[in-house]
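Generate the whole structure from the sequences, applying the supplied hints.
Chain order of the listed sequences is F and Y. The numbering used here puts the first residue of the first sequence at 2, with every later residue one more than the last. The numbering used here puts the first residue of the second sequence at 2, with every later residue one more than the last.
Bear in mind the hints are in silico, worked out from the structure with no lab data behind them. No false leads were slipped in.
Label pairs and their computed distance ranges (CB to CB):
| no. | chain 1 | residue 1 | chain 2 | residue 2 | range |
| --- | --- | --- | --- | --- | --- |
| 1 | Y | Glu365 | F | Gly133 | 54 to 60 Å |
| 2 | F | Arg353 | Y | Asp5 | 54 to 60 Å |
| 3 | Y | Asp5 | F | Ala108 | 22 to 28 Å |
| 4 | F | Glu227 | Y | Ala119 | 46 to 52 Å |
| 5 | F | Gly177 | Y | Asp355 | 54 to 60 Å |
| 6 | Y | Ala201 | F | Glu212 | 28 to 34 Å |
| 7 | Y | Lys408 | F | Arg353 | 46 to 52 Å |
| 8 | F | Glu299 | Y | His392 | 39 to 45 Å |
| 9 | F | Arg353 | Y | Gly179 | 52 to 58 Å |
Predicted model only: the values in this text are computed from it and were never measured. The beta carbon of each residue, even a glycine, is placed where N, CA and C say it ideally should be.
Now for the letters of each chain:
There are 2 protein chains.
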Amino acid sequence: MSSDKFSSARAYPARRVARWDEETDVVIVGFGAAGASSAIEAAAAGAKVTLFEVGAGSGGASALSGGEIYLGGGGGTPIQIQNGFTDDTESLYTYLKMAGGPDADLAKVRLYADNSLAHYHWLVEQGVVYKGTHIPTKIIEPETDDTLIWCGSEEAWPFSEAARPAPRGHVIQWTGWGGGRKLMDVLEARVRKLGVDVRANTRVLCLVADEDGAVQGVAIRDNGAEKFIRARKGVILCTGGFCMNRDMMQRYAPNALVSNDPIGVVDDGSGIVMGQSVGGDAIHMDQFFTTCPWYPPESLVKGIMVNIHGQRFINEDCYHGRVSAYIAKQPRSKAYLLLDNDIFGRPMEFSRVDVAATGETWAEVESELGMTAGTLTATVEVFSREAAKGHDPLFRKAAKWLKPLTKGPFAALEMDMSTSFFSYFTLGGLNTLPTGEVLARDGKTVPGLYAAGRATAGLPRWGEGYSSGMSLADCTFFGRMAGKTAGAKLS
Amino acid sequence: MSSDKFSSARAYPARRVARWDEETDVVIVGFGAAGASSAIEAAAAGAKVTLFEVGAGSGGASALSGGEIYLGGGGGTPIQIQNGFTDDTESLYTYLKMAGGPDADLAKVRLYADNSLAHYHWLVEQGVVYKGTHIPTKIIEPETDDTLIWCGSEEAWPFSEAARPAPRGHVIQWTGWGGGRKLMDVLEARVRKLGVDVRANTRVLCLVADEDGAVQGVAIRDNGAEKFIRARKGVILCTGGFCMNRDMMQRYAPNALVSNDPIGVVDDGSGIVMGQSVGGDAIHMDQFFTTCPWYPPESLVKGIMVNIHGQRFINEDCYHGRVSAYIAKQPRSKAYLLLDNDIFGRPMEFSRVDVAATGETWAEVESELGMTAGTLTATVEVFSREAAKGHDPLFRKAAKWLKPLTKGPFAALEMDMSTSFFSYFTLGGLNTLPTGEVLARDGKTVPGLYAAGRATAGLPRWGEGYSSGMSLADCTFFGRMAGKTAGAKLS
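Here is the structure:
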């Protein structure tokens with residue numbers, strides 16, 4: 002059979018499959034954190050599981066991450082508690098609801114908030130080791146092997162007003178950045194121990210579906226040969242987002258393309274397209290996470306951010322990604338971080354955030370940036386006057402980060418989405434039930450089809466609300482849900 | 002056969018159609034401007050055309066419009082020329098390209114710019130009467146029966162810098178607002194004269210497609226009976242957008258739901274969903290047009306717009322819809338229009354834009370609005386100082402609209418997307434070729450399927466770029482293209 006018979010955009014008609022080359026219970030597509038977690042639960046449910054990965058091994062975008070998972074609620078995880086924090090389920094629920102934006106998936110938020118603590122224990126049972134220590138300062142990821150970090154906007158307005166803050170970023174023990182690779186190694190070991198049949202270097206070409214759109218299996222390319230694999234219980238798409246597919250980015254999320262720093266490995270959107278080919282509904286496809294790591298050093302958070310017109314636009318103590326999402330929406334997707342001599346510092350080299358102007362007075366900085374007289378200076382004047390009184394009436398930055406910017410010399414760091422490091426990945430994807438079942442556009446489920454991770458619109462689905470660890474929380478937890486549901490299905 | 006056999010989200014398998022109840026060449030779904038224009042061209046090409054409309058008669062959202070069409074280029078339409086304007090094709094091309102945003106459809110923009118003048122003549126041939134007169138002031142629609150108006154941001158930065166401005170809004174002769182109904186009457190007369198079989202009160206339930214996704218016809222409900230209609234040459238979806246479908250709005254364009262003023266009649270998205278059911282790609286589903294008619298009186302354009310922080314955010318001489326799109330993105334989707342006594346006026350009653358604060362000084366207005374001292378006042382001070390010199394260095398409002406706001410008393414009008422009249426409709430839809438052929442997600446066309454108007458992502462596909470008359474231009478011109486292509490197809 003010729004290769005152009007297959008397109009991820011078109012399901013292959015089951016009627017035309019003369020013979021299934023192989024049969025299994027559950028087919029999983031993609032070996033990132035979602036695929037691994039699905040595989041573990043499906044296998045634990047007694048299903049025969051076959052996992053196809055187009056790359057050479059496990060990992061995906063999960064292995065590029067910090068290996069941090071957003072966990073809490075239920076009074077607090079053992080690690081929150083041993084570091085003196087408590088965390089209630091309703092605060093976690095409220096935070097995740099706000100983070101989900103104008104179309105938060107309340108069913109998923111509810112289920113996750115209620116079960117996040119149990120999910121912590123599950124991770125530990127799989128072999129994830131947490132050192133148990135806490136880093137109190139604002140950072141991106143630990144450079145050490147510490148565990149618990151503030152990884153969202155919990156202490157920042159408006160979240161702080163609605164939900165009691167707690168640090169919820171749980172980082173796997175691993176020295177330095179990149180704990181995601183370690184996390185994947187742990188999950189992979191479990192996957193293999195449970196006897197999952199892992200096929201690397203194998204591309205799933207398309208779904209195979211019957212005339213009613215029920216998924217029966219997949220067509221794959223295996224060592225150059227095309228084969229049909231029957232999935233008696235179902236197919237779980239864990240293929241990630243589409244940030245590496247420039248054509249899809251252009252059609253669905255063109256605003257992200259101001260940056261040239263996608264974070265992904267495969268992330269070609271093929272799973273989303275396969276899901277759509279059998280009627281699966283893809284939602285919020287315009288949404289993306291982006292961040293420029295503009296802190297540490299933490300002192301920079303005491304600076305203020307202005308756009309090219311010298312206007313502030315956010316409380317700068319929000320999570321770096323939330324601030325970056327706002328920068329992305331400013332004119333020319335650009336901002337300046339204003340610092341006085343007390344708090345001056347430089348972000349990490351790789352952020353490509355450099356000094357754009359300096360001056361003995363703010364008027365000099367304003368002028369050097371080419372701004373109109375009375376713009377930036379008025380902004381700084383109002384901010385410093387109010388900060389001296391301990392508040393920020395415009396953007397409600399928390400008191401601990403407020404400091405009048407009056408100690409010259411002064412500087413402006415430039416953050417430009419087109420030249421600084423603004424990494425991004427996509428948040429839109431297939432609409433699923435908390436069970437992992439893929440929803441069609443009429444609200445019915447697509448028989449035999451499941452999805453998890455960034456192939457779906459999950460807990461994270463709104464760029465302004467993303468927090469570190471939220472995607473891995475979603476991948477692992479709802480990956481498990483999909484694996485359980487499919488694994489337990491009567492075939 | 003039972004009704005739940007049919008869902009717009011699922012194509013009905015052609016194999017299961019025991020007998021076609023009727024056969025025609027071209028089926029058109031929807032009798033707005035796109036459907037009417039498609040029908041005219043398909044019939045003119047010699048095809049047997051059957052048009053289904055779920056409502057009682059022609060109209061759709063087109064009949065709710067002003068009946069204004071965005072036309073120009075080629076040296077100028079006769080009406081542009083008789084009013085002393087010329088208009089070159091490249092300026093029209095550039096304007097439409099900019100108006101299309103970060104994923105403008107350059108093939109459609111090119112074709113339309115090159116053929117807009119010919120399209121003017123076609124409209125006149127159909128019986129559209131233009132009085133030929135010009136209204137030079139900034140308005141929404143003529144209250145008279147005049148023709149040519151400025152209906153976009155042509156004279157405003159950044160458009161004015163890139164493309165030579167010309168007024169391009171051509172309004173059908175009709176006294177008062179609502180010329181869209183008159184336009185539909187004219188088009189309907191042509192449709193009927195050409196012998197198109199028009200079936201009102203008839204819902205198209207779903208597409209009928211073969212196993213390869215090629216569209217063969219439709220299933221309809223006609224007087225309670227369900228029937229299969231074969232379309233030998235193809236089906237053209239002209240069903241409009243989805244602004245009246247709250248569930249779709251929530252999943253794809255939740256930001257519009259801040260307002261409660263959709264402009265639509267049916268606009269339930271069923272055509273988009275039907276197109277997707279056979280692999281059609283829906284793009285830019287998050288984009289919507291919104292406008293609050295905050296002028297006339299024209300003097301209001303000399304005011305400045307600030308957000309709740311007292312910050313300006315746009316050159317206020319842009320098209321009202323572009324300004325409104327920016328308001329929608331401000332904190333709390335809210336803005337204030339600042340006026341001094343020289344230019345004070347009230348927008349039309351139905352805009353629900355009222356006075357929020359007044360004062361003898363701007364400091365009083367600032368305080369009455371609950372803004373922090375030194376915010377609004379600094380904005381006004383910078384603006385007035387620069388306006389007195391004849392420029393607007395921040396937002397580049399054109400000199401003719403610049404006036405220092407120094408003549409007290411002063412007022413602020415409140416524009417709030419959740420309480421003022423912010424009408425909206427959707428701009429995302431099926432991805433089509435300029436021929437009207439629907440594109441699948443792999444870039445191939447869907448055999449037998451065409452679409453036009455707001456069921457597609459057309460010339461207008463970016464909220465910030467919309468101009469009045471652009472959707473009717475797209476509906477009529479690309480409706481024609483779809484009708485020509487389908488009508489000429491060998492069946």
